[in-house]
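**Q** Residue numbers (my numbering), protein chains in the order written: chain V, -13 to 235; chain B, 2 to 307.
Simulated from the structure, these hints should not be mistaken for laboratory data. Predicted model only: the values in this text are computed from it and were never measured. From the three backbone atoms N, C-alpha and C, an ideal C-beta is built for every residue, glycine too. Certain hints may be false.
[Unchecked claim] Derived CB-CB ranges, DEER-like:
#1 B:S271 <-> V:P153: 51 to 61 Å
#2 B:G183 <-> V:H164: 40 to 50 Å
#3 V:A229 <-> B:D132: 33 to 43 Å
#4 B:R197 <-> V:T141: 28 to 38 Å
#5 V:H164 <-> B:K306: 20 to 30 Å
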Amino acid sequence: MTDDVTNATRGASTRVDDSADTDPQPPGRLRRAAERVRAALTDTRVLVLLLLADLVTVLGAGAIWLALGGEPTVVGVTAGALLAFGAAMLPLIGRRDADGAPPLWPPFVLVVIPLAVLSVGLPAWGTWAFLDSRPVDVTHSVELDASPPLVDGDTVVAAVRTDTPKPQLGIVFDVAPHDPAAPVCVPGSELTVTYKAGAGKSQVQTGTAGTEFTFALGRGMTDIKLSVLLHAEQGCELNLSVASAQLDD
Amino acid sequence: MIRDTPVTVMTHAPRSPRAHRPSGHRYARAAAAVLLSFTAAACGWTDEGSDDKPLTGTVFIGGKNDQPGFNLHSGHTDRGFEVDLAAYLGEQIGFTPKFHDVVSAEREQELVGKSSALVIATYSITPKRDDLVDFVGPYFVTKQGFLVREDYRGIRSEKDVAGKVVCTVEGSTSALAQLPGGATPHTETDYSTCVRKLQQGDIDAVFTDEALLYGYVEQQKSSKVPLKVVRDVSFGNINRYGIGLREGRPEDCARLREALRRYLTEEWASDVKAQLPALVAAYPGDWENRFRPDPQDLDTYSSCKE
């Protein structure tokens, strides 16, 4: 391909200097196509913008693909191959004939590659950093190991498994009457929530339903278990559920 | 049915306005009015106090008529803790209470159907009822226990309840309580019938709120078959009595709540001592802790929050 390009370039030079050369070589197909494009894009800035838009689209698609769960290796290899393809086209840009004919595309076009990387990379990094700093909602990941109704003295284990560990868990429990026809007793109920991490000291908190219990988990904790002890009035039967649960920094 | 007897016996100095019922001594003069009242009640409408007007003038209150200690209609006399409470609220808010008979199972309909503006009828606050009507309360807190004949020794602990015939009232929260397996529930429309069957030996015990049971203990203490409440044997939930009113009356709700808050500190204890002496005697020095709500509970359990 390099030879073809070289020949094409020479052909172009020959064609430009047609008046002085009595034995011109026919231009290559690629050269002719490129010249047609150049003729259409007389303004270099339009070409640069088109290239930039193309690269931004490619890199942006890769970033979104990655964010949506694409395999990082596949995404990386694909993006790298596209960039390598672009790099392989560089000779088209910088090559200049010995007779001083202007290059097919000016070196200014080179700017679009880092510009595209930056214009996609910086927002992507910013977005990632913002999302990573936000709490992770694990409300629907919490599993309670008890079946209602619960009465005074019952203990329930609340288990959370997450792939995005964070050092702190905030959890809010909801308590509702098991039988709405029975006398009201929810306001008189309390929960004692205990978190014990390995051999570490237990963290114990007591509060009413609706209270946010916050526990320091430590780093990299993907399996979290809480013990929830119910305090209720005599005869009070309740249903326990998780109103919200978030992992946070 | 609106009661047609006029006298209300209260435990302290008469209040103005006081709880009263339409005159029964003036049958001849008021025959037409009484007939109209019956017709009005039968048709589900009343003259005043039961529509959407504020609590002024004559206010119909749905109440029991067979619960000694709380609201007993006997002869030409109404007396009981809830009669005193209604009189206090009327005095504080500025209305004249007029009781209208209601049974446990029809208390929501009494309000929703606008037969009465309020219900003060040992009416336990429950989430289900709270969906239909509003509550102001509690004004009384009580566990549930067993009433037996004084010479009865068949129930001494919770496990003894198994195998016994126990009477409760339909529509009450006691009917929902989980009695021990083997106990035979027997349901009546009112507690007076349960008590009569207990004294006749047809059943072993009456199961309902302890506070109500002590009213019957006091009432029957001089009868041929006196009664007692089994100590330290209790099932079911703690009941909190509230004043029922129709939904969507936040101003009345707030006025009742604040008047009730004052009542709990000013009059509650003296009224209980006067109307429920058997309860006071059963828990000397401790009855207020057991049965009186904390005034702050009004903000927790009332439908209208402060």
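**Q** Now, for every hint given, state plainly whether the structure supports it.
**A** Do the hints match the structure? See the list:
1. B:S271 <-> V:P153: 51 to 61 Å: holds, 59 Å
2. B:G183 <-> V:H164: 40 to 50 Å: violated, 23 Å
3. V:A229 <-> B:D132: 33 to 43 Å: Given a distance of about 20 Å, which is not inside 33 to 43 Å, the answer is violated.
4. B:R197 <-> V:T141: 28 to 38 Å: Violated - the Cβ-Cβ distance for R197 of chain B and T141 of chain V, about 46 Å, lies outside 28 to 38 Å.
5. V:H164 <-> B:K306: 20 to 30 Å: With Cβ atoms ~24 Å apart, the hint holds.
This entry does not satisfy hints 2, 3, 4, going by the numbered hints stated previously.
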